[in-house]
Each structure stands twice: as C-alpha cells, then as structure tokens.
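Novice: Work the whole structure out from these sequences, hints included.
Listed below, chain by chain, are the residues.
Number of protein chains: 4
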Amino acid sequence: MKNTFGNALTVTLFGESHGPAVGAVLDGLAPGIPVDEKYIAEKLSLRRPYGKISTARREADAFELLSGVYNGKTTGTPLCILIPNADTKSADYEALRDIPRPGHADFTAQTKFHGFQDPRGGGHFSARQTAALVAAGAVVQTALEEKGILIGTHIFRCAGIPDRGFMDPEADIRTLCGRPFPVLDEEAGGKMRLMIEQAAAEGDSVGGVLETMVIGFPSGCGEPWFDSLEGMLSHMLFSVPAVKGVEFGDGFAFADLKGSAANDAFCLDAGQVKTATNRNGGINGGISNGMPILFRCAVKPTPSISKPQKTLDLKAGELTVLRISGRHDPCVVHRARAVVDAVTALVLADVLTGRFGTDYLGGI
Amino acid sequence: MKNTFGNALTVTLFGESHGPAVGAVLDGLAPGIPVDEKYIAEKLSLRRPYGKISTARREADAFELLSGVYNGKTTGTPLCILIPNADTKSADYEALRDIPRPGHADFTAQTKFHGFQDPRGGGHFSARQTAALVAAGAVVQTALEEKGILIGTHIFRCAGIPDRGFMDPEADIRTLCGRPFPVLDEEAGGKMRLMIEQAAAEGDSVGGVLETMVIGFPSGCGEPWFDSLEGMLSHMLFSVPAVKGVEFGDGFAFADLKGSAANDAFCLDAGQVKTATNRNGGINGGISNGMPILFRCAVKPTPSISKPQKTLDLKAGELTVLRISGRHDPCVVHRARAVVDAVTALVLADVLTGRFGTDYLGGI
Amino acid sequence: MKNTFGNALTVTLFGESHGPAVGAVLDGLAPGIPVDEKYIAEKLSLRRPYGKISTARREADAFELLSGVYNGKTTGTPLCILIPNADTKSADYEALRDIPRPGHADFTAQTKFHGFQDPRGGGHFSARQTAALVAAGAVVQTALEEKGILIGTHIFRCAGIPDRGFMDPEADIRTLCGRPFPVLDEEAGGKMRLMIEQAAAEGDSVGGVLETMVIGFPSGCGEPWFDSLEGMLSHMLFSVPAVKGVEFGDGFAFADLKGSAANDAFCLDAGQVKTATNRNGGINGGISNGMPILFRCAVKPTPSISKPQKTLDLKAGELTVLRISGRHDPCVVHRARAVVDAVTALVLADVLTGRFGTDYLGGI
Amino acid sequence: MKNTFGNALTVTLFGESHGPAVGAVLDGLAPGIPVDEKYIAEKLSLRRPYGKISTARREADAFELLSGVYNGKTTGTPLCILIPNADTKSADYEALRDIPRPGHADFTAQTKFHGFQDPRGGGHFSARQTAALVAAGAVVQTALEEKGILIGTHIFRCAGIPDRGFMDPEADIRTLCGRPFPVLDEEAGGKMRLMIEQAAAEGDSVGGVLETMVIGFPSGCGEPWFDSLEGMLSHMLFSVPAVKGVEFGDGFAFADLKGSAANDAFCLDAGQVKTATNRNGGINGGISNGMPILFRCAVKPTPSISKPQKTLDLKAGELTVLRISGRHDPCVVHRARAVVDAVTALVLADVLTGRFGTDYLGGI
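Chains as they are written, first to last, in our numbering: chain A, 61 to 424; chain B, 61 to 424; chain C, 61 to 424; chain D, 61 to 424.
Do not rely on the hints blindly, as some may be mistaken.
Any copy, or any two copies together, can satisfy a pair, since identical chains are not distinguished.
25 Å max Cα-Cα, derived DMTMM-like pairs, lysine to aspartate or glutamate [what the hints assert, rightly or not]:
hint : residue 1 : residue 2
1    : 207       : 419
2    : 375       : 247
3    : 370       : 329
4    : 375       : 419
5    : 318       : 246
6    : 251       : 378
7    : 318       : 247
8    : 318       : 262
9    : 207       : 97
In short, the hints are calculated from the structure, not lab data.
Specialist: Structure representation (structure tokens):
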C-alpha cells in the first residue's frame, strides 16, 4: 500500500522536502487519547539536528493538528498532522537531477518516476518526511504509555564505539527519553561525537547501530505467519531512511549458537511466566511472550558527503566527479532514534488495536 | 492481514502440521503462466529432509493443484495448492500442551489462542506450512525466470563454517538450484554437515546465515516509504520460521563504514548504468537500481533438541525438566533455503504485478 | 484484493465449476467458536437446487474442513473449507468458448483472461463458487447467533408476486431458516413457484428481489466514510452472482419522500434508545443505530435460458443464434438467499471483530 | 480500512466540518498527469450551494495542493489536497450533542465514539468532507479524460419529477459538465427547482435519484468476485452522504423481467463487439464489457429540516421536540452529483492502475 501502513491503525505519509509541507494521517485511533502538543514537540526535538554533528539546516518543525482532535483528545476519526516546510534552499539541488548522488535515491527515483519526481532536497524520499512519522508516533506513544508500554532506543554502536547495553530497562528507557544524543554511557557518547566531528572535518560520514527495547507489551499479540511482530516491525523499520539491517534478540549472533544455548528456558517470577534469558527478543513464533521486545537496526553512513565522488552525468552519458556542497549530516544515527521509536509505537499500537478492538487504546 | 500477504499478487496460507493438509492460495497471478508440476516437485524436494542431518519424518509432499490452472497454464483466477499431510505421529505432542518447549511458540500460542490451538506438531506454527509456501513460490518463479529473473540462496555460514561468496552470479545461482545442501564451496559444505551431525549426536542443534542473490530484476521497482523492497522482503523473510535477522547489501557491516567507502559509485557498463560496487544490495531509497539484489537472513538453531531443558509445567505451576524425543532437525538452515527463495519470488512477483499490471508475468 | 475480502476477518475464495473443488479460507476467526458440521450442511442445503424449479444438476455439497478446527472448535488460525466437485458434464460447455452467452461473463472473461480462463461451467465465475461462501458464512453465523444476532432473508418479490413484509422479526427470521423456498406468506410462495415453472416451460427465466433483516446487531459499529456498513455490505452483496441492485431501508423509495417523512424520530423503548420508524434500515452515517438492519437486493433473471438467442461467433466474426441446452435454473432468487445470508454474516462478523478485537466472537 | 479506499490507487480522507480543514491524500497516482487547478476549481464549483435551493453557508472551497505535484504534473508520490474551512458557525451545533437529530449520525457517532467526536457541524460525518473527495476525483478525471473515458451524472428524478434519459452519451455528458443543476431536460430541471423551493418554504426537504454514465472505459477490467466493478463502485457510492440505494443497468427493474428480455444480445458494430441493448449497465460477471457503464443512486431527502421533529434528550432521558435552525439544504441531489462523479473516477482509476500498471494513467 505504498504510503499507507497498518491493519487496524494506519499511518499515511505525504509531502516533499521543499514543497509546502510534509504530513501524516493516522486512522483507526481510539477516541479519547490525550493529545499533548508539548509532548509531540519534545519527540520532534529529539529528531532535530544536534549541535556541531548535524546539518546546519534548522527547521522549526512547527506542526498543526488539522483534524481528529477535539478538546485535547482524539476523536476516533483521522488525525492529520501537518509540518510546513521552511528554510529550504532549492537552488542547492536543481543541478543534481542529471547527476545522481551515489548511495541516494536520485537514480532510482528517475527510473521509477520518469523525471516527474520533485528532485529538490530528495523530494518525497527526503528524511524530512520522518518528522511527520515522529509526530504521528508521539500521538500513539501517549496511549501506549498509559498502558505501561515504554519504548527506548539507544546508540548500540557508532563509528566503532560501543555503548553499554540495557541493564535496568525502565530506568534506562526513561534516561534515553531525555537525551538528544541517546546513549546509556555518556562517556561512550562523548567519544562517538568526537569521531563524528572528525568524519565531518574530513568531508565524510559515519554509521552505526540502534538498539530498541519495549517493556510492558502484553503477551499473546502478533501473528504466526505474515503479520508476525518481526515482520510488521521490520517492514516499518526498513522504511526509516538509511536502515539496512534489522535483527531481533540475538539476531545474527544466533547463527553461531547451539540450540541448547539459544533457547530461553521458561521460569516463574512472582507467579508470572518469564524466561530466564531473552535471546529471542520477547517474540516466539511471531507473537509476544511478555518479555521485553528487543531489536537492533543497522544505520548506514549518510550518503551525502562533501568528498568528491565518481558518478555519471546521465544527460551527457559520461563519467563525472560530484562535489556535494549544501548542508548535510555527518551522522544520522542519533536522529534516526526518534524515527525508530515512532514506527515501533505505530506498529505496536496497530497490533494492539487489532487484538483488543478500536476502543482499547483510548482506555474506554 | 495475518495469513494473506501482498498487494497486487497475494498468497494466503492455511493448515496445521497434523491436520488433513496444508495449503496456499495465490491470487492476482497473470493468466498464461506455464505450470510445470515437475518443477514444483523439484523445488519441494529442496525443502525436504536431507540425509542424516535432518528429521526422520519423511513427507512425500505430494501436492494437488485444486484451481487456477487449465491446460497447463494459469487461468488468472486463484490458484490453490494443497499438500495433504501424512506420516504424522500426534502422540508425540499431546503431552507438551502444558509444558511449553523453550524457543518454540507453544507458550505464545497458548496465550494468544487460549488453548483452542491445535498443539499437534506445532499446529499452524509448524514449518510444515512452508511446504505450501515453497510450492506457491515455485509457480511464480517460473514466470520470473521467463523474464530473466533468477533467485539463488546459499548457506553463507553454518555452525561457524563460512561458504565462499557469489562470484559469477548466474553460474552460481544455477549451481545452487541443483544442490540440496546449498553451498558454493562443496568442501565447506562437507565441514558444515560434519558439524551438524556432531551437534545431532550431542542432542543439540546449530544455526546459520543464508545469503540470497537476485539477478535480472528491473530497476525502478519498489516504493520510497512503507512498501520499500527492503520492507516488503523483510516482512516475508521474517515469516520464515527461525529467521531472526535480515540485512541488505552490507547490512550491519555498514555501521562501521564511512560514507566514502559505503557509497556505490555510478558507472557505465556497455551503455548501461551500473554501480562499481554493490554495497547497497541493489536497492536505493527502497527501489531497485538494476544491480543484483543481495540480502542475508540469520537462522537460529532449531529449538527442538533432545538435551534436557528447563521449562514450566503450566498446569502445576512449577518448574520441570523437558526431554523432547520425537524426530527433529539438528539444523534447518539448508531446508530454509527453499523457503527463502519462495518468499523472495512471491514478493518480487507482487511488486512487478503492481508496477506493470496484471498481464505482465503471463508474458501477454 | 480480488478474491479476498474483509479487514479484521477475511474470506478468500478459490475454485472453478468443473475443476477438482471450490473452497474458501476464513482468516481472523476468533478461537473457540463451535463448528457444527450439521449446521453447515443445513445452510448448504438451503442453497441447493429445489424441486422442479431448479437445475437438474445434483451436487452433494460434501465439504471438508481442512484446517482451523480442533476438537470441534475454531483454533483462531485459518479455516479452509473444501467442497469437491462432482457430477460435472464438461462437454456441455466446450463449444461455448467462442460463442459467448448473452448476460453471462463468457465475453468479459475472454477479454480479461485472454482465453486462458477455464470455460467449463463458467469456471471461476460459476455460482458453484457460492457453495464455499455459504459454508464459510455458516461458520460465522454460529458465532453471531451466540451473540443474539440473527439474519433472515425472504423473497420480497419474484416473477411479479410480492411476499408479505417482516412483522415479528425474530419469529419471521426463524421461520425463514427452515424454509428452502424462503417466503413469509406460503400462498405467495406457491404462486411464485407456479410462475417459475411456467417460465421454465417457455425456456425462459425470472428474477426477483430479496429482503434481508438482521436483528440483535449492536449500535456503534461501522465507519463514517469508506467502510460504512452500507459500503461493506454492498461490496459483498454485489459479489453474489445476478445481484444488480442493493438498497438499505427505504432505498430508492426515499427519492420520493420528504425529509419530514423520511427521518426516523428517536424514542425510548424500555429505557433503550430506538427509532419510531426504521426507514434508514438501522444505519445512520454508515454506523449501526441498534434498530434492525434492513436491505434488499435485486436479482436478475438467470441468463441461461433455452430460448434461442442472438450472439456472436467470435472466431468466425459473425452473428449466430445460440440455443443453450444443459441443465439450468429458471430462477435463482430462492437459492441466492443462502448466499446473501452468508455474505451478510461475513461482513458483520468482520465489523465486530475489528470493533471488539480478535477474541470477541469466540466468547472469550 | 476506514478512511482509505482503493487497491492500486488509494484515497485517504481526513477532516471535520468546523476544524481547520478537510483534505484527501491520493496515493498510487501515475507520474506525469497534468494537474490543472482551474479544472479542479470547476469541479468544486459543481458541488457548491446553488442559488435559492441550497444552504446559505458560502464556502470559498479554496484548495491547496500540499504535495505530489511538481511543475504542473503529478510526481507519482502522494498528492495531498487541503481545503481550509471558513464561514463556520459552531454555536449552531453545540446544543445538539445530547439531542440527536433524526436521520443524522449524531446518535451513532455518540455510540461509536463515546462523546469524544467533534459534534460541530456533523464533524467528520459532515458532507463538507466531500469537497476533498471532489477535488481528489478531479485530479484523476483529467487522466481518465486523456484516455477518452468520460463520466456524466444527471438528476434522473427529483421531488417526483423525471429528467429525460441519456440519448447521445458523449454530447449529453459534455452538456452535464457545464450545468450546476445537472439535468438533460432544462424544463424538467425548472420544475424540480420549483418543488425544492416549495419544500424549503415548508421547512422540509426532498430526495431524488442520480443516474451516471461512463463511456470509453475499456473492456476486461474488474474482478469476478469481491472486487467486481459493481462491488467497488457501490462501496464508494454508499460513502456519498445520503445515498441509500445503488443499482446497475436495469437494477431493481430486472426483478420483473424475464431472462429473454434481460439478456443483452451480442452484435458487431464496425468490427467491435457490442451488445444490442445495455440492460447490464456495461458489466458482466463484475467485469466491463466495453459498453457504457450505467448506474443509479438513490439520494434521501436532507435530514436537516426546520420543521419540528420528535427526538430524545439523551441526558435527561426524555422525549423532546427539536427545531433545527441553522443553514441547510432543502435538497442535496444536485450537489451530490459532483461527489458521485468523483468517486466513480477514483474507483475506475484504481481499477485501471491495477490492471495496466502504475505508469498507465500518466500516459507513459
């Protein structure tokens, strides 16, 4: 369904980087969910460029709620969030239409849309579109939090520097929510930022891995086959620009484990069924088992770099060298965090709405 | 949509391991695709238990085409494939209803279906269901091959032993199609099988990584946001039992690259736009760029092991030790290959049908 | 989605009239719904040819439940119903491939499927396919009845003879369930059958109107816009072969009413909000208001008649006269009743599953 | 899918009558469709209140294209149309929350949304939402017209006065496009308007029937079962507020025909396969046969009337008498025409996009 995702609760995206606005429509929301504009703004601020390690483009991310909210609560009808664009410098991009940037979607957009696409700032492919996703995610995160479901993402690794892992899930998640550069170990974070600045100085960029934990999600949600929790989550996570890998629980490390080490033994914890380990990331057979949901996303280094790159002049039909000036991020891992949290919230809210009905997330 | 996946071309699954049959319905197929029952049988044979390293359960996998085929070609109406079950030993499983097997879906099935699920042999969660997927995939693989689109999957790593990578894509893919134990380096394959046998002897199991390459897929197919090629493929790949990670191109290795190393420079090859490297796995911005599509799946070790395991007796509400007897696979990596090929074919056929219309794959 | 319909609860159809079988897959069923094979057989018997006024083709309609049922109850996983074909006389149809029958889908099938369709007995277009729909509907009707939701359809008019309208909804619906020729006024029914026999004797056929009432359906279900109850119901009702019109409440008669006569005044009945009249057929703004849901379907006369008809010989490219021999129904209105009941049940069960979650219809 | 409809080409609606705006997102549009704002404005003007026979609420219907358009053509990415609200008098409605208007969705909205709905002006149920549908429809109508597909709707009957039927389809359709009060016989139109004014003077309202013809639509489009052309069209047509009946071709009149009269004989017309009559409205077995598509919609009289009406005070739990003041339409039949044209265009464009691929409507 292209720009609409979800079964019971859907999100629809629209917009281009340098057009009038980007936006999202949420449909299937329960009525009665509190909509706190300050909370949405906070989530948007976590996606915004950060200090010296981000693009110089400064977006206010002022948003408007065009529908679906009345007296501060969701109505149960479609909620449209609009984020008008500002501070766009379209002149930066016009020349690039025939000279596709390596690692970007310029060439594939041209092939798919036959030149009718809006090339300015990446058009509809722009990560600008994720501002709408983050705002949409914030609306459902409020509802999830009222059910005791918390989502937290940290930089598992960036530019070769590892963060420490989750230890006290709830405390760690609350810590991350307050940090624009989301690490659990501030010292590791400092080293990462140094490496990012150094890459920026070289006209280069770095990548990393994000790790997400969800606590409080009830067991028995998800589907055995196509709409497994892993399937639904990965579908959306791969929509986050630059994500090229997704793994649940031990993920690729499972490949080198034996079954006796990989299986999570069941146990009782204060009368509750738990597992002694959580190598499966809270999901068995596509369905939540009540343990924390845990997954990681690989984020590739930003393809926009100022170092000269070999590419083609499609019109001339010959090789050329491209130097991207403009304003770019030497790293998007920390900014992608807000998007990962948002799409996770959207998927989980969809699954819960299908499982427990259309009133559930409104607390009715 | 639970057990139905796809937009223009959908597959719907049904069946339980020890019920009368498993099956699949393909809808949205072009009319006129040749249906070769021998070819389907060959693909099913690649999924079948293999030598000493597989379960002793021997399934004939005899299939019936109940609809959608007339005079040896698809009609354009739904094609139902039925695979009757045989050689089922239900007695093996009845005792396990209250004693969930670690790493399996027994507990989550119980939580979701409140005890109404069919527990015999894993019921609807059983990998037996993948026989229907493989048969369905075989139908569309014929159509893809007529378009010059070839899919091949090898064991990238198993039990710690690596295979060599793809070198000559077309030749390698053709080689893999003929090998029930799909490796490119037969010597590495021999070592893997030894390790699997050793694990089996210990009552244990091993995991691995599968790597898939698709050649001949046209550029300009896929979507910028939710229905990106990565999103659609991963959604289905995570439906393959035991898959816990999916990565495209360099995947998680991107995390430690710089942008200057990660970007694929564009170049010309006999007048065609290509990229000098293929670190992005043939996909930019969710859309195919004409290079080979490349991805890897992490396959966890089979959770059914005969070693004693700690678990719960849910009825008694106390810890117990489980010894699984029955017939089980010490490794499913090689058998999962056929399923990965099948779901890849199903997703790509869906994307092409949406892109070029409902007659395209029939060659009309 | 072609042969799959529904949001939370879907039905997928497959099969051809003279192929091995027709069938349906129900997905999204709650676990725990009792599956009574006798009840399904009863519903199928209401669709079967009836006495002198139906085709001489006699189908046993033996069905098999291939999946999704365990210990007499739904498991919550896909339920596949298979109805093998028998008593097929394919020779009757082969000649008709190039000589399309007026009023049938022969010509449009040829145009859409380019000659690859199965022409025998109408192939996938055959009303034979509705046997699978009726069986699928019966499964969810059981669940609806346990919630106090009853569905009844009578022949509102046939061959110009009117039946009386609903008077005592519950008693009338129960009466209809036991009558293979579904009229409320048996005398009117007798006259209808005479007219049908007379048309048959003339080598002709007759049409009619079916009227359906649903009682016990809760208020507040349905959607304001595209998935209004009217939209969802009509979508499925127009899938019933020969249905060419659908109207809710006063329907087309609204055109000649004034607002003051058309509006249903609200009132209280034993503390319950009701309306004094029910001209809107239980639906306002696409959503149920708690009053009986009421609609009518126009059923065209069977296009298969033995009278000579003008048509084309497509191969020769010239006019010809067609005489259909074979075995045909001079009227399908009474048989269509079972299909209308079934698709109504499927739509309402889908709406309830979405509204109240996936356990609701299992009574969990 | 609630507020999203379509398979290959979808439309998503959002907005409330007295909120900031109503709008629609079109997704799946081909790239390269010319977007003519004047043409969209013209279509919107056909929906606008007309002379003395409409509400006094005057809306400018100024619209903004927020995305999906670049250099005057569609880009192939989602197109969002926004229509800001103006001239709203919310005070008119606040009192009505607990006193539901008969024939309206006030009560069902309350039941479904538990009081969280926006009650002002009908909120999301308001016909105001159809302005967005009309604008969305206009975008695809341009593409259809470039393919020679023309859509025209006239008032078949209003307040008991009949219009003449279609005679010269193309000329008649072109005539209708230019008439804000869409009749083929201007004299009949004059009589209708007199009857409407008379009803208005009495504080009452009238209903009617709309008849739609589509010419130039290719044969072989549509599906045998659930996504039949009738099923898809009716699904959307019942979303048009006040529509309570839909019939194709002879529709309910089929009930009293014999098969020999109802069947459309095939014939040749300048080498083209045609039918001598068109009683099936251009559709056989759910698929277009190349003849004009013909259907009619029953439109109920506007429920908002100034005559006193019996209803309930839900809070007090007692009967009361309601006098609606505000500004209302004594008839919406003529205004509904633009909406019927729009949803018809949206459905047909969706069907064509699925059939011929995502470039087709862009003429690529």
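Novice: Each hint should be assessed against the structure and marked as holding or not.
Specialist: Quick rundown of the hints versus the structure:
Both within a single protomer and between protomers do residue 207 and residue 419 lie at most 25 Å apart by alpha-carbon distance, with minima of 13 Å and 19 Å respectively. For a Cα distance limit of 25 Å, the shortest separation of residue 375 from residue 247 qualifies neither inside one copy, at 49 Å, nor across copies, at 48 Å. Taking the shortest Cα distances, residue 370 and residue 329 sit within 25 Å of each other only across copies (14 Å), while inside one copy they are farther apart (58 Å). Taking the shortest Cα distances, residue 375 and residue 419 sit within 25 Å of each other only across copies (22 Å), while inside one copy they are farther apart (55 Å).
Taking the shortest alpha-carbon separations for residue 318 and residue 246, only the inter-copy value of 23 Å comes in at or below 25 Å, while the best intra-copy value is 35 Å. Neither within a single protomer nor between protomers do residue 251 and residue 378 lie at most 25 Å apart by alpha-carbon distance, with minima of 42 Å and 48 Å respectively. Taking the shortest Cα distances, residue 318 and residue 247 sit within 25 Å of each other only across copies (22 Å), while inside one copy they are farther apart (35 Å). For a Cα distance limit of 25 Å, the shortest separation of residue 318 from residue 262 across copies, 10 Å, qualifies, whereas the shortest one inside one copy, 43 Å, does not.
In this homomeric assembly, residue 207 and residue 97 come within 25 Å of each other (Cα to Cα) only inside a single copy, at 20 Å, whereas the closest approach across copies is 41 Å.
Hints 2 and 6 from the earlier list are contradicted by this structure; the remaining hints agree with it.
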